[in-house]
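Chains as they are written, first to last, in my numbering: chain U, 1 to 313; chain C, 1 to 313; chain P, 1 to 313; chain B, 1 to 313.
One or more of the hints may lead you astray.
One copy or two, it doesn't matter: identical chains are merged, so the pair holds either way.
Result set (SDA-like, lysine to any residue): computed pairs, CA atoms no more than 25 Å apart in a straight line [what the hints assert, rightly or not]:
(1) K147 to R247
(2) K147 to E243
(3) K147 to T259
(4) K232 to G189
(5) K147 to A258
(6) K147 to D256
(7) K147 to R290
(8) K147 to L91
(9) K147 to R125
(10) K147 to G181
(11) K147 to D183
(12) K147 to G116
Hints were generated in silico from the structure; no laboratory data involved. This one's a predicted model, so the numbers in the text were calculated from it and none came from an experiment.
4 protein chains.
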Amino acid sequence: MATPTTYTGVIPPVVTPLADDGSVDRGSLERLVQHLLDGGVDGLFALGSSGETVFLTDAQRDEALDVIVHTTAGAVPVLAGCIEPTTPRVLERVRAAERLGAEASVVTAPFYAIVGPYEIERHLRAVAAASSLPVLAYDIPVCVGRKLPLDLLLRLAAEGVLAGVKDSSGDDVAFRQLRLGLDEQDDNGFALLTGHELVVDGMLLAGASGSVPGLGNVDPAGYTRLHQLAGKQDWAGARAEQERLGRLFRIVDAADPATAAGATRGVGAFKCALHLLGVIDSPAVSLPMRRFDEAETGRVREQLELAGLDVRR
Amino acid sequence: MATPTTYTGVIPPVVTPLADDGSVDRGSLERLVQHLLDGGVDGLFALGSSGETVFLTDAQRDEALDVIVHTTAGAVPVLAGCIEPTTPRVLERVRAAERLGAEASVVTAPFYAIVGPYEIERHLRAVAAASSLPVLAYDIPVCVGRKLPLDLLLRLAAEGVLAGVKDSSGDDVAFRQLRLGLDEQDDNGFALLTGHELVVDGMLLAGASGSVPGLGNVDPAGYTRLHQLAGKQDWAGARAEQERLGRLFRIVDAADPATAAGATRGVGAFKCALHLLGVIDSPAVSLPMRRFDEAETGRVREQLELAGLDVRR
Amino acid sequence: MATPTTYTGVIPPVVTPLADDGSVDRGSLERLVQHLLDGGVDGLFALGSSGETVFLTDAQRDEALDVIVHTTAGAVPVLAGCIEPTTPRVLERVRAAERLGAEASVVTAPFYAIVGPYEIERHLRAVAAASSLPVLAYDIPVCVGRKLPLDLLLRLAAEGVLAGVKDSSGDDVAFRQLRLGLDEQDDNGFALLTGHELVVDGMLLAGASGSVPGLGNVDPAGYTRLHQLAGKQDWAGARAEQERLGRLFRIVDAADPATAAGATRGVGAFKCALHLLGVIDSPAVSLPMRRFDEAETGRVREQLELAGLDVRR
Amino acid sequence: MATPTTYTGVIPPVVTPLADDGSVDRGSLERLVQHLLDGGVDGLFALGSSGETVFLTDAQRDEALDVIVHTTAGAVPVLAGCIEPTTPRVLERVRAAERLGAEASVVTAPFYAIVGPYEIERHLRAVAAASSLPVLAYDIPVCVGRKLPLDLLLRLAAEGVLAGVKDSSGDDVAFRQLRLGLDEQDDNGFALLTGHELVVDGMLLAGASGSVPGLGNVDPAGYTRLHQLAGKQDWAGARAEQERLGRLFRIVDAADPATAAGATRGVGAFKCALHLLGVIDSPAVSLPMRRFDEAETGRVREQLELAGLDVRR
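The task is simple: from the sequences and hints, build the whole structure.
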């Protein structure tokens with residue numbers, strides 16, 4: 001059951017702090033990266049869904065990635081989301097990732113465009129062929145409307161087209177089948193990352209090589225502990241830490257459901273928490289999302305305190 | 001039942017011809033625009049789904065819109081799709097539409113980002129507030145994963161936030177309720193456009209002010225005749241013309257379903273047909289789509305001939 | 001464009017009146033059938049979705065169908081819904097329909113069971129093979145989770161396996177393609193019925209042979225007029241009548257959305273209206289639905305009066 | 001983290017063996033129950049999805065449940081699926097479960113009928129109120145089209161309306177949140193059963209009280225071992241056993257995808273395997289499913305042998 005891989009451990013999807021005028025807040029982003037490195041993370045995923053990548057202009061994306069790469073200074077690998085609806089546009093972002101010093105790119109299935117398995121395969125192959133960086137597939141049906149097929153992932157892994165998968169599909173059965181299939185291939189230098197921040201213990205037990213927890217922005221040390229406990233086969237300890245993090249995740253339930261859907265709930269909560277923890281200067285989020293209001297912020301504060309985090313504001 | 005509006009009649013979503021190297025084929029695009037104007041259309045919708053807008057880089061989009069505006073030379077209004085996942089990115093495209101001389105922008109609900117009704121309203125209001133052009137909402141759940149709510153559309157119409165709707169929702173019940181609701185408002189200068197190219201007769205009977213038929217690229221004169229017959233209340237004639245166009249639409253069934261999903265089927269078929277008709281130089285489409293192969297092209301040719309169109313290749 | 005068929009005109013899906021104790025209210029059902037016949041309908045569809053068929057026990061279903069058949073007394077054809085998740089259970093209902101004197105059965109794709117096109121075809125063929133009654137397919141993806149494929153319907157029509165389709169799919173493009181395909185087959189004695197009560201004018205223009213409007217329970221005479229106007233090619237008149245009915249349909253919006261989803265909204269509104277019109281004795285509906293409360297009933301009354309109907313309570 | 005519950009351990013959803021004429025094969029069912037008890041299971045779930053309950057007539061359901069209860073003879077608890085679209089029909093099945101000696105009933109959200117959270121709550125409360133047996137909620141969105149809301153489950157657990165949940169939702173985040181919420185309530189005598197047969201190790205780590213694995217029909221001893229290893233906190237051993245079972249699950253991939261969707265793949269594979277193992281006399285399944293053909297059976301045999309099971313045919 002050995003699962004050696006290139007990208008392992010805790011790799012949080014870094015949120016992109018914004019100033020109140022909507023510009024990227026470089027100082028806050030530098031502090032956030034340091035907060036994550038101090039928390040013991042093993043890599044950073046820039047420009048992911050939690051990083052508001054589809055809300056940022058190309059100039060903002062370049063700025064954010066640049067800050068993250070420079071602040072990290074090689075301490076851990078930086079993966080860069082290259083998330084656009086179609087191949088030509090993804091390739092533009094791959095060029096930027098190469099130019100700005102990312103170690104790998106992370107690419108979803110096409111979206112908006114109506115495609116099937118054939119076009120998805122063509123897409124991933126075309127991106128990989130034109131890229132000097134390793135490519136990880138990002139499986140996120142809730143955003144793109146389609147799941148990456150198991151047989152496709154296994155085929156592209158075997159051929160070395162893909163260097164890994166970031167699985168945010170919520171399909172735990174497919175995850176297990178993917179793990180089984182990968183274990184039957186010769187080379188296991190393939191990153192199998194889970195985005196399911198509330199089930200990291202179970203996913204590590206199942207053979208995930210790492211996790212990409214949005215909540216890891218708020219409590220990186222917690223996820224580091226969870227991984228360490230799992231690494232020591234202390235599964236009861238891992239579960240206890242996961243449950244603590246699961247309760248902390250209730251910061252997303254602080255959002256008023258009448259005026260906050262998925263994106264606002266997640267990014268809004270993480271930024272609100274990071275602001276309260278003194279890591280970033282503003283809880284501002286991109287339009288059409290809204291920042292958490294006073295009542296919501298109060299509920300976030302309460303959860304942070306229950307989780308034993310050091311609230312500064 | 002009078003339904004005066006700003007944008008009426010046949011407004012095809014202009015496909016974007018590409019050279020074999022993937023660049024925008026300006027000469028073919030000029031000929032296509034002329035083909036559409038010769039066919040009697042009443043407006044042009046640049047950079048829509050049929051225009052491969054989510055496949056094009058910003059530079060390509062600007063180039064295509066520029067060619068369309070200049071070739072049209074004010075003969076008919078040019079609407080420009082400003083189709084991006086979120087508000088800040090849509091606003092970048094609105095700026096380009098303003099700069100390049102479009103008469104209105106067309107904007108979908110956010111996509112990829114997980115949003116609810118509150119964020120959709122916030123999105124459309126923010127775009128309209130920051131734009132000097134009229135804004136039409138583009139209701140296309142098959143691409144963005146969510147339907148624009150009826151009450152939202154009526155509210156934004158009443159307030160003048162929106163200048164119209166392009167309805168590609170396929171929800172004919174909601175379309176009728178929208179028509180009824182608009183008729184009860186004071187001002188009817190609101191464009192209610194249908195994207196359902198196979199049901200234009202029924203939609204005109206129901207009070208659509210215009211149609212945006214992808215198939216109109218191939219046979220603009222057919223759609224012009226259909227609208228004229230409906231305008232004369234010759235509904236039997238309109239139905240007969242619609243049925244001829246419905247049979248012509250079988251060019252999309254020419255695609256091999258094993259290697260062509262929705263996007264490839266539609267855009268691939270329209271470009272294949274325009275190439276056979278001698279309007280554009282290449283049937284090339286953007287990655288990850290593929291152009292029609294020889295067998296598929298043969299089936300398209302057959303349908304074009306059955307429809308009485310002038311096949312040149 | 002002639003479209004002769006066996007089942008044509010207005011064929012309302014008869015609601016099943018219940019007494020306050022949940023039993024079938026035979027007297028009210030007899031009055032409802034008479035109300036529909038007096039309204040000039042051309043057929044009756046018993047035990048459809050509006051008839052609460054999935055809420056009724058087999059004994060209640062038999063009782064309702066028996067009352068409808070006997071009250072109708074051959075004046076118009078009675079179609080019987082045989083709506084169960086799988087083939088063996090549908091066949092039980094087909095046996096009942098045969099025994100109780102229905103003229104045809106109406107059958108959906110399997111539901112709850114996860115099936116694909118192969119199993120759907122096997123299902124419809126098995127039901128037809130074992131039935132002495134003509135079988136109509138009921139295309140209602142909103143309830144069963146899957147659309148009946150176009151090629152399947154055309155194949156089963158050509159082979160005479162199916163005698164018709166009741167289309168509640170909301171897919172107007174597929175409807176038009178089905179019409180075109182049927183018109184290219186030799187025999188057109190195939191019933192193409194639309195369940196879209198708000199678009200009957202457009203569907204008749206498009207070649208529907210009849211309509212199955214739930215709202216036809218409330219205002220059968222309105223739908224009869226609409227069909228007659230369409231039959232005389234008075235499409236402006238048909239549209240005006242359709243729009244009146246479209247406004248009347250707002251009785252379903254009378255429901256409080258917090259405690260009423262689709263089923264309650266539709267059946268609850270129709271029964272509330274029929275009660276106010278004096279046709280049935282109680283607006284009771286089956287669990288887990290609830291009957292309209294006083295506020296909702298007030299809003300229904302208002303719409304009935306606006307539509308010019310004779311409110312008795 | 002103690003999670004005492006009434007229903008714990010391995011509780012397979014018993015398949016219903018059929019004779020070639022479609023009748024319930026009582027002898028095979030008796031042998032299957034004995035095979036499961038010999039395999040060390042802790043309970044039986046009769047008339048679940050794997051038991052083809054929506055394919056069986058009421059008479060067949062009664063017969064199957066009767067055989068299961070009598071063969072079990074009190075050795076382990078027998079839970080009975082009461083799976084029908086709506087409340088009145090579920091109550092008919094609850095009456096049968098009571099009469100035939102089941103220990104609890106298992107009830108889904110309404111299906112076919114379009115309902116929302118309000119109606120789902122009303123449904124579960126009405127069933128529980130009218131039942132003398134404990135009621136477990138069956139969360140299976142892939143069959144009924146809607147997920148049971150977390151807050152609803154916690155509320156009904158707290159009030160004692162529900163005795164447990166059988167979770168086949170595939171939503172591992174919601175599962176964890178449910179576990180956390182239940183642990184914060186006073187009484188933990190609530191059964192949290194997982195239907196995810198490929199992730200039982202992870203679900204037990206996460207605090208599931210038991211599993212309901214369809215594959216447990218084929219290899220009950222494997223699931224018993226898996227539970228025992230987890231009970232001893234031997235998580236590496238549990239994972240290894242789960243992975244063996246994960247490979248065995250490939251019997252469902254033996255099905256030809258062109259003619260076998262979800263239901264056929266699962267039930268067809270389990271029955272094919274049980275037939276090869278000599279437990280049941282025929283691999284027959286209900287219409288519109290089909291039994292595995294020779295090629296498929298060969299592939300199933302191969303997987304059974306790889307898994308070390310005793311193939312008899």
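Okay, the hints, checked on the actual structure:
Only between protomers do K147 and R247 lie at most 25 Å apart by alpha-carbon distance; the minimum there is 22 Å, versus 28 Å within a single protomer. In the homo-oligomer, the alpha carbons of K147 and E243 lie at most 25 Å apart only across protomers (23 Å), although the nearest pairing inside one protomer, at 28 Å, exceeds that limit. Proximity of K147 to T259 under the C-alpha cut-off of 25 Å is restricted to the inter-copy arrangement: shortest distance 17 Å between copies versus 28 Å within a copy. Taking the shortest Cα distances, K232 and G189 sit within 25 Å of each other inside one copy (21 Å), while across copies they are farther apart (32 Å).
For the homomeric pair K147 and A258, the shortest alpha-carbon distance between copies (17 Å) is at most 25 Å, but the shortest distance inside one copy (29 Å) is not. Only between protomers do K147 and D256 lie at most 25 Å apart by alpha-carbon distance; the minimum there is 21 Å, versus 30 Å within a single protomer. Taking the closest pair of Cα atoms, K147 and R290 come within 25 Å of each other only across two copies (21 Å); inside a single copy the shortest separation is 29 Å, beyond that limit. Proximity of K147 to L91 under the C-alpha cut-off of 25 Å is restricted to the intra-copy arrangement: shortest distance 21 Å within a copy versus 30 Å between copies.
Taking identical chains as interchangeable, the C-alpha atoms of K147 and R125 lie at most 25 Å apart only when both belong to the same chain, with a minimum of 17 Å there against 32 Å between chains. With identical chains, the CA atoms of K147 and G181 are at most 25 Å apart within one copy only, with a shortest distance of 17 Å there and 30 Å across copies. In this homomeric assembly, K147 and D183 come within 25 Å of each other (Cα to Cα) only inside a single copy, at 21 Å, whereas the closest approach across copies is 33 Å. Proximity of K147 and G116 under a CA criterion of 25 Å is satisfied in both settings, with 10 Å inside one chain copy and 18 Å between copies.
Against the hints set out earlier in the document, no violation occurs for any number.
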